[in-house]
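Colleague: Sequence:
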Amino acid sequence: MNQDFTEQNVIAEKKNGLGIITLNKPKALNALNLEMVREIASALHEWETDREVQTVVIKAVEGRSFCSGGDVKAFYHTGMDYRRNYVDIRIPLIFFAEEYSLNKMIASYPKTTVAIMDGIVMGGGYGIAGHCKYRVASERALFAMPEVFIGLFPDVGSMYHLTKAPNKLGKYLALTGSTINGKDMVRAGLADILVCSKHINELYEKMYNDNADNLLKHIKTIQTPVNSDALPHDERDLINQIFSANNIEQIIAELNKHKSESPLVLKALQTFEKVSPLSVSIALEHYNRSKDLSVDEVLNVDYTLVQHFIQRSDLYEGIRATIIDKDKEPSWTLTSFSQCTKELVQSYFAPTSNKLSDVEIFQ
Numbered sequence: 001m002n003q004d005f006t007e008q009n010v011i012a013e014k015k016n017g018l019g020i021i022t023l024n025k026p027k028a029l030n031a032l033n034l035e036m037v038r039e040i041a042s043a044l045h046e047w048e049t050d051r052e053v054q055t056v057v058i059k060a061v062e063g064r065s066f067c068s069g070g071d072v073k074a075f076y077h078t079g080m081d082y083r084r085n086y087v088d089i090r091i092p093l094i095f096f097a098e099e100y101s102l103n104k105m106i107a108s109y110p111k112t113t114v115a116i117m118d119g120i121v122m123g124g125g126y127g128i129a130g131h132c133k134y135r136v137a138s139e140r141a142l143f144a145m146p147e148v149f150i151g152l153f154p155d156v157g158s159m160y161h162l163t164k165a166p167n168k169l170g171k172y173l174a175l176t177g178s179t180i181n182g183k184d185m186v187r188a189g190l191a192d193i194l195v196c197s198k199h200i201n202e203l204y205e206k207m208y209n210d211n212a213d214n215l216l217k218h219i220k221t222i223q224t225p226v227n228s229d230a231l232p233h234d235e236r237d238l239i240n241q242i243f244s245a246n247n248i249e250q251i252i253a254e255l256n257k258h259k260s261e262s263p264l265v266l267k268a269l270q271t272f273e274k275v276s277p278l279s280v281s282i283a284l285e286h287y288n289r290s291k292d293l294s295v296d297e298v299l300n301v302d303y304t305l306v307q308h309f310i311q312r313s314d315l316y317e318g319i320r321a322t323i324i325d326k327d328k329e330p331s332w333t334l335t336s337f338s339q340c341t342k343e344l345v346q347s348y349f350a351p352t353s354n355k356l357s358d359v360e361i362f363q
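Just so you know, we're using this note's numbering here: the sequence shown kicks off at 1 and counts up by one.
What the hints contain is simulated information worked out from the structure, not anything from laboratory work.
Be a bit skeptical, because a hint or two may be false.
[Claimed, not checked] Straight-line C-alpha distance at most 25 Å; calculated DSS-like pairs for lysine-lysine:
(1) Lys206 with Lys133
(2) Lys328 with Lys259
(3) Lys73 with Lys217
(4) Lys257 with Lys267
(5) Lys326 with Lys164
(6) Lys183 with Lys168
(7) Lys217 with Lys14
(8) Lys73 with Lys111
(9) Lys15 with Lys217
(10) Lys183 with Lys217
(11) Lys328 with Lys73
(12) Lys326 with Lys274
(13) Lys206 with Lys14
(14) Lys27 with Lys111
(15) Lys220 with Lys15
(16) Lys73 with Lys257
(17) Lys259 with Lys274
(18) Lys274 with Lys198
(19) Lys220 with Lys206
(20) Lys27 with Lys73
(21) Lys15 with Lys164
(22) Lys111 with Lys15
(23) Lys14 with Lys133
(24) Lys328 with Lys342
(25) Lys267 with Lys168
(26) Lys342 with Lys291
(27) Lys217 with Lys133
(28) Lys27 with Lys328
(29) Lys27 with Lys220
Working from the sequences, and respecting the hints, build out all of it.
Modeller: Shown next as structure tokens:
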């Protein structure tokens with residue numbers, strides 16, 4: 001390992017039967033841009049038929065983030081060019097098209113895949129890790145799908161996993177963008193194995209100095225047992241009760257009824273006052289539709305939805321207020337959930353001419 005990798009945002013290397021992909025943009029919390037998506041996809045494509053690679057590991061350089069999500073700032077500028085009619089919709093769509101294609105590739109990869117999540121794992125970061133066969137999280141892992149805060153929806157195939165979380169936990173996470181730690185990720189089925197962060201470097205040492213056959217054995221020797229109950233009992237019961245409601249208005253009514261019983265409930269209520277009502281309404285519909293879909297089918301819906309979002313202003317306004325100007329005061333096109341009619345929400349699921357199956361990720 002004498003090669004200088006300091007300037008590479010993605011490091012792809014082979015060692016002892018392992019293909020190791022390391023996200024290496026720590027100053028930007030390893031936020032994914034198009035170049036990184038292509039580099040990861042290229043390595044996976046090459047290793048798929050490489051007999052020297054038995055197992056693929058996806059990790060990040062030491063720091064506080066595995067991957068904080070997609071580089072929405074970069075998307076914002078190309079998206080605004082589209083809004084000004086400078087470029088065709090295919091230009092801002094490229095990132096999502098190739099990102100979702102990468103998610104599909106990971107989900108169906110023919111070799112064993114292992115993700116090691118130590119730190120922030122949000123949005124597009126979970127799209128890389130969540131579809132791996134073995135998902136290792138440390139107690140420092142911090143999961144969220146916070147897209148409703150920027151006028152988008154939980155994408156990258158995350159609804160496939162969120163709909164399988166126990167009781168109404170996944171629904172709560174999808175609609176509020178709330179965070180949970182590594183232990184609760186395992187309890188929610190969003191990760192498979194909990195490993196104490198103090199053992200991560202030991203794991204990497206083994207990874208680089210032992211063979212691929214022993215990697216999973218070693219992970220299991222250092223894993224931390226986790227009981228099955230996500231969140232404290234009282235909060236879990238409240239989430240199940242409140243988010244069993246069928247529509248957003250009923251959920252908000254339940255939140256108001258119980259807001260004095262838990263800071264978590266009050267925070268969820270405050271979140272609904274800030275985020276895009278349309279994004280949350282579409283997220284709920286997407287959640288309901290995804291319960292019986294495959295990963296590929298969920299990603300196909302994601303691709304349909306994002307094309308509709310790109311053509312409307314809320315996504316750009318949400319990114320502006322959150323990432324660009326950082327004034328935290330987005331001016332949403334719709335200001336109440338009552339304005340998000342069933343017909344409007346359903347229109348976002350209408351088929352589009354661009355299909356994810358037509359995307360060619362290798363260029």
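Colleague: What hint numbers does the structure not satisfy?
Modeller: Hint check: 3, 5, 8, 14, 16, 18, 21, 24, 29 fail, others pass.
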